[in-house]
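Same order as they appear, the protein sequences are chains A and B.
Mapping to my numbering: the first sequence position 45 is 45, numbers consecutive.
Mapping to my numbering: the second sequence position 149 is 281, numbers consecutive.
The set of hints was computed from the structure by calculation and includes no laboratory data.
Be careful, since some hints might not be right.
Footprint (simulated), chain B over chain A, 3 or more residues, beta carbon under 8 Å [stated by the list, open to error]:
no., segment
1, 24-30
2, 38-50
If the Cβ cut is set under 7 Å, some of the chain A residues that face chain B in the computed set are [what the hints assert, rightly or not]:
no., residue
3, VAL13
4, THR15
5, TRP76
6, PHE102
7, PRO124
8, LEU126
Glycine included, every Cβ here is placed at the ideal spot set by N, Cα and C.
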Amino acid sequence: MKVQSQSEFGTGVGTLLKITLAPTIWAFHFVISYGAAAVWCEKLTAQGDTVALQVWLIGLTAAALLGIIACGVVGWRVWGKGGYGADGHTPGLGNTESRQGFLGHASVLLSVVSFIAVIFVILPVLMIGSCT
Amino acid sequence: MGSVLFDSGPRGGWFMYPPLSTMDEGVGADIWLLGLSFIEVASIAAAVELIVGVLKCRSPRMRVNLMPLYAWYVLVVGGMILFAFPPLIAGDFLFEMEKSFDWPFFDPTRGGDPMLWQHLFWIFGHPEVYIIFLPSIAIAAMVVPTVAQRPIVGYSWIVLSAVGVGFLSFGLWVHHMFTTGLPNISLGFFSAASEAVVIPTGIQIFVFAATLMVGKVKKSLPMLWIAGALAIFTLGGLTGVMLAIAPFNWAVLDTYFVVAHLHYTLFGGMIFPVMAGIYYFYPFFRKGKMMSETLGRLSFWLIFVGFNAAFLPMHYTGMMGMPRRVYTYGESMDWGWLNMLSTVASFVIAAGFVVFVFDLLRPKRDFDGPKRNPWNAGTLEWSHDVPGESWGVRTIPFITSRYPLWQQPQLVERMDAGRFYLGDTEFGHRETLVTSVLDAKPQHIQRVTGPAYITMLAAGFTGGAFIFPTFHIYVPAIICGAFAIVCVLYWLWTSTAQIPEEPMGDVGLDLRLPRYASGSDAPGWWAVWITMLGDATAFASLVFGFFFYWTASDNFPPQGALHANGAMVVAFAVLLALSWAATRVARGVHRGGNVGLGRLVMAASVLLTLAGGFAVYGAVSHLSPTSHVYPALICGLAVWLGAHLLLGVIGQGYCLARSLAGRMTPLYDADLHNVTLLWHFIALQSLVTAAVIGLLPGWMS
């Protein structure tokens, strides 16, 4: 009973949470950027220059964007496999392939939104070159 | 709300910024906190119920891609509540400690910082706007397909919208704090996220529009309200985009422009969709009755016209510079007539609500036409019986489509004939099916508790435990708290995790399922997981406070301050880790069949927890929390941990008692699994607390 139960929690919720991987990357990117800017400006720099901060956060952004692209590509492949249909009439909506396809589609869409949101968040670092 | 009538409203404004609110001598701030505490407890309980309900209690084979959209929305909202409310719980805890015991968390003269309250309040406050909005707009996602008489266009896009908003809404909180002197870069992050959240929010509106365009729209009252909602909400969203730009925000901060914006979002995003929902679901709740079409239209136009006449001018008064929260101003300001217009129009809104309430309450005759599904909707709630029966559904159907009443022929007839799952109950209990997360495979029969007075008593005593301290009456509060615990334990003991008469049961359609589940199969285990996730978020907010004081102040921890007693910190970390280990070992030993040894280890875990509790007290007892925020925060973390140890030791003792009473056996051991899970979280909190109060101060200074 127990072995089966562990896998239900892991695979069930785990698979469902996979669609939130891209927005989770956005969340970490956001929190780290915010925390780094706060600590940098309050504790680490006296003159308020942000060059080192910019370099680090651009690196972080590149990593985050790569991660999100990976989520999108994986989602795209899963999406393509199933017989996905948005109108609810497509034959085979009630099977495992279409469920997988739906989760893939949702991952792709969330990756797109997260990609845009990460770019939004890094813009102030690039455009505002000072703490004050 | 009633506190306003007794001159005990919160005089520091509804978001209660210290030091204004903590210095207010009246009881208003405490009553405000009381209300908030009830909302927090209730919301988190609701979140647990919604998440477990959506994930584990669907109809067999209703896969995640077939769920009604309402379920997707409330699943996301449940998740948001778990991360949005706990920071406010932490904030309330600090606030009440300052108000009642003078621990100076927000008092700058003793190292505190009022900004911490603003952060904790708005980390809650902005997601909360979306927590209000999403379930309301979810009603639109139910009404629109019915009105269009076709499935929603872009089901996955709605899911994207809900999940995307759920995440991005957590990156907006500082846009309520643009003028508090944070570095410009920090403001930029929040400005950017506030603009980005518009994308998923907008997408669902396009999805609704597309569904209406390709469908055959049948005009109805619910749709009228939804249309009004979309129009008003779009306007509120547009001013939201403006307010997200920091320089514009500086210009109109605390003016009527903000008042206009927030009313446009909340009327469009909440009031109008909820009104639509009341008209739409009325024949579901009052079987065979329908609200009046004529009165409904009258009410709609009064509220819609009144709303726009009242709040549209406020954009302009705000731009002219009229501040919020004033009721007098000079005649020369030229905004008198605009305010008069708003005042008159607000009476028009009120008239609309009077018409609505009259229509809601007046006696009604049965309406003509199909009573079970008057709107010809496609979702399962409309399979209800008219007149209603004393059960939810006759049998639980097998679902293979998104709109079963449209797409699965003869479904209702088969449900009525009892030809699906759980058409009967073998032992006369209330029962339901628990299904798997992704594909809703039936897993076991869950016995459901019935109506009881003990739960009411528990609620009453819990209320007492919160209400008495508001007025600084502590002894009855403690007595109420103790009785609340007793009531909850009595209910748990008599109604949950009961050993079934038979291990397996027949649920129909040739399926036999277990009648008991423990560990991660049991909904109770999921509930513990979800509750403790929220609890861990509140704890993380307290720890965030530690870092916040460190970044915001040059002198935290202060030089020469007394620290927590190192030896005692080590002692409680070790004792509580051992208690966790004992609980985990007891679970394994007990499951393996060695009940005697299991009981012995459980008893040891109780003693270890008690000893650990004393060590926690010993670690901080020499500190004086009123002198400075540093000892206050250490003591605050200790109080938080102590409260959890009380919960943890009750759980350990409860398992021991259940085993001794023969209500928990190696095969039926759900209680012990749930308490072990609880202890995973408690052990983690103990170790983090030990690290924060024992190690961090050394690194920071």
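Against the structure, the hints:
Against chain B, the segment 24-30 of chain A contributes 4 residues with a C-beta closer than 8 Å to a partner C-beta. That satisfies the three-residue criterion, and the hint holds. With 6 residues having a Cβ less than 8 Å from any Cβ of chain B, the segment 38-50 of chain A passes the three-residue criterion, so the hint holds. Taking 7 Å as the C-beta contact cut-off toward chain B, the hint placing VAL13 (chain A) at the interface holds, the least distance being around 6 Å. For THR15 (chain A), the suggested interface contact is upheld, since its CB lies about 6 Å from the closest CB of chain B, less than 7 Å.
Interface restraint check for TRP76 (chain A): the shortest CB-CB distance to chain B comes to about 13 Å, outside 7 Å, so the restraint is violated. At a threshold of 7 Å, the smallest CB-CB gap from PHE102 (chain A) to chain B is about 4 Å, leaving the interface hint in force. This hint holds: PRO124 (chain A) has a C-beta 2 Å from the nearest C-beta of chain B, less than the 7 Å allowed. The beta carbon of LEU126 (chain A) is not positioned within 7 Å of any beta carbon in chain B (closest approach about 10 Å), and the interface hint is therefore violated.
Of the hints listed earlier, those the structure fails to meet are numbers 5, 8, in rising order.
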